[in-house]
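Q: Here are the chains, one letter per residue:
There are 4 protein chains.
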Amino acid sequence: MRLHVPIQLRWSDLDAYNHVNNVEMLRILQEARIQAFWADGDDPDGAGTAVLDSGVGGSTLSLIAHQEMEYLAPVPYLRKPLDIELWIGRLGGASIQVCYEIYSPEGGAPRVLFGRASTTLVMVDPGTGEPVRIGERARKAWAAYVEEPVKFTRR
Amino acid sequence: MRLHVPIQLRWSDLDAYNHVNNVEMLRILQEARIQAFWADGDDPDGAGTAVLDSGVGGSTLSLIAHQEMEYLAPVPYLRKPLDIELWIGRLGGASIQVCYEIYSPEGGAPRVLFGRASTTLVMVDPGTGEPVRIGERARKAWAAYVEEPVKFTRR
Amino acid sequence: MRLHVPIQLRWSDLDAYNHVNNVEMLRILQEARIQAFWADGDDPDGAGTAVLDSGVGGSTLSLIAHQEMEYLAPVPYLRKPLDIELWIGRLGGASIQVCYEIYSPEGGAPRVLFGRASTTLVMVDPGTGEPVRIGERARKAWAAYVEEPVKFTRR
Amino acid sequence: MRLHVPIQLRWSDLDAYNHVNNVEMLRILQEARIQAFWADGDDPDGAGTAVLDSGVGGSTLSLIAHQEMEYLAPVPYLRKPLDIELWIGRLGGASIQVCYEIYSPEGGAPRVLFGRASTTLVMVDPGTGEPVRIGERARKAWAAYVEEPVKFTRR
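Residue numbers (our numbering), protein chains in the order written: chain A, 1 to 155; chain B, 1 to 155; chain C, 1 to 155; chain D, 1 to 155.
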């Protein structure tokens, strides 16, 4: 099962070529990931999209270990939010691979796949820097979102 | 009359002090201003918030001539969009002063005023760089949004 | 007396209009200010430009209270660093007004003034949030950099 | 042979965790790449580091097709520029893979490898969008910078 996270572009995501900059694409994925992993408990006013969150966070720090992105089509300025599909490609002992496909705004036709990407995060103890095993509660909550890892056609 | 433009924060708006960076506050105002002035005709899928737009744009370029902001309280990370109040403080021959008050997300209590700001834009001909008089159609459309200019308490 | 702080543009400072974005101009001033106020003691490898620093910092937090900028000419992409002139326009009890003029890279002719700006910072105790008086050591060190505050021609 | 491109951090590259944000790392590589490929002819005042540039550019557009980065250690705020090693991992018909290793500032000891990365660019005709073969002049100029592609230890 995949999450759909809508991310609103900002005009400042454009670069001098007048399309969304390649670096900003990764920022957009960062925002999608953060929204997906938001803990509901952190903020009683929160939108409650944090279906992936389940006990990691708080005393655990997640470090980004690896990131990869394939760009399939330039993204123009769009007023409606991009439709980011997000799922878990690999659920390791202390690490997790988040996968993404970036689509044109929901409801538009034809639907355009702008790119695909993955981010590998490692959970560590902020004090010692040692990897921390992902707990059973998180594993159970995340299980529904595990699918085949994203496949890159160009490497 | 004032417009209310909701602007969603990004986690990356925070700086190393863990609140929204002073520079990013101006980017948020830039996004609010762009949304307020969006031409509906540009994008048939647009959200249609562009009540201020009326004929400026297209063959006219708006240059930023002056900007001022007063910061009243640090902005923490918020999941709900900031509520940007936006109006026109001065409607000149070829220039316009856009005024803003930045409030906490709608519906929260108490309502917090995080800051106030203004941006002066000058309309110019992109070819010659000469100022271009704002047309009657735009003047008429904008008239309803003209109020007293924002007052800064500290200068 | 004024400091000259060279700030290297980044290509990503450009926006879709292919000149340095108005918001990024304030980020450039932020970087100039940070370099000017760097404490030499913080980093033995530091470049040692921190002539303004003198005892504020560490246990004191500086909050930005007000910022103003006047844009005189669009800034194109330049390989050589902008030449930021920086001085103190007002040295208050617990606050300081930093003034700037942004010039084209040193050595180029003619010299272009791209804009002028000011930032007012208030020193506060990070625990209580109360204003903290600027000490004698800092006052003495900064005295040489106090000049007439920047004058804005358009407000 | 590898190029060494010094890139000065900005304080705003830090995120709320107080180290250089993972997305900003890719912006730093973007800046290094742009400096390496700068055409000397574009700007007579330029620093002249553009040893890689040789005839691509002008009428050719380079699109980013793929990007990958491995993060080995968090990057703190550093006053001295990062030392980016940059070389060509693959020189294809119409594409080029740029490889990077990101090192601590030159002269510091011990030298720290913060990460490694690659960017694949495809040269296209801006009018038709069709791939454009890299010319002989560029191939000759770049040949000296071709080395084994970067190897990622985690994927």
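Hints in this document: simulated from the structure, not taken from any laboratory. One should not assume that every hint holds.
Same chains, same names: a pair is fine if it fits in one copy or spans any two.
[As the list claims (entries may be wrong)] For lysine to aspartate or glutamate, the following DMTMM-like pairs were computed, each having C-alpha atoms within a straight-line distance of at most 25 Å: (1) Lys140 to Glu85; (2) Lys151 to Asp15; (3) Lys80 to Glu147; (4) Lys80 to Asp15; (5) Lys80 to Glu130.
Q: Each hint: holds or not?
A: Structure-based check of all given hints:
1. Lys140 to Glu85: within (20 Å within a copy, 43 Å between copies)
2. Lys151 to Asp15: Neither: 28 Å inside a copy, 30 Å across copies.
3. Lys80 to Glu147: neither (27 Å within a copy, 30 Å between copies)
4. Lys80 to Asp15: Classified as both: same-chain Cα gap 19 Å, cross-chain 20 Å, threshold 25 Å.
5. Lys80 to Glu130: Neither way: Lys80 and Glu130 sit 41 Å apart in one copy and 29 Å across, limit 25 Å.
Hints 2, 3 and 5, counting from the list given before, are not met by this structure.
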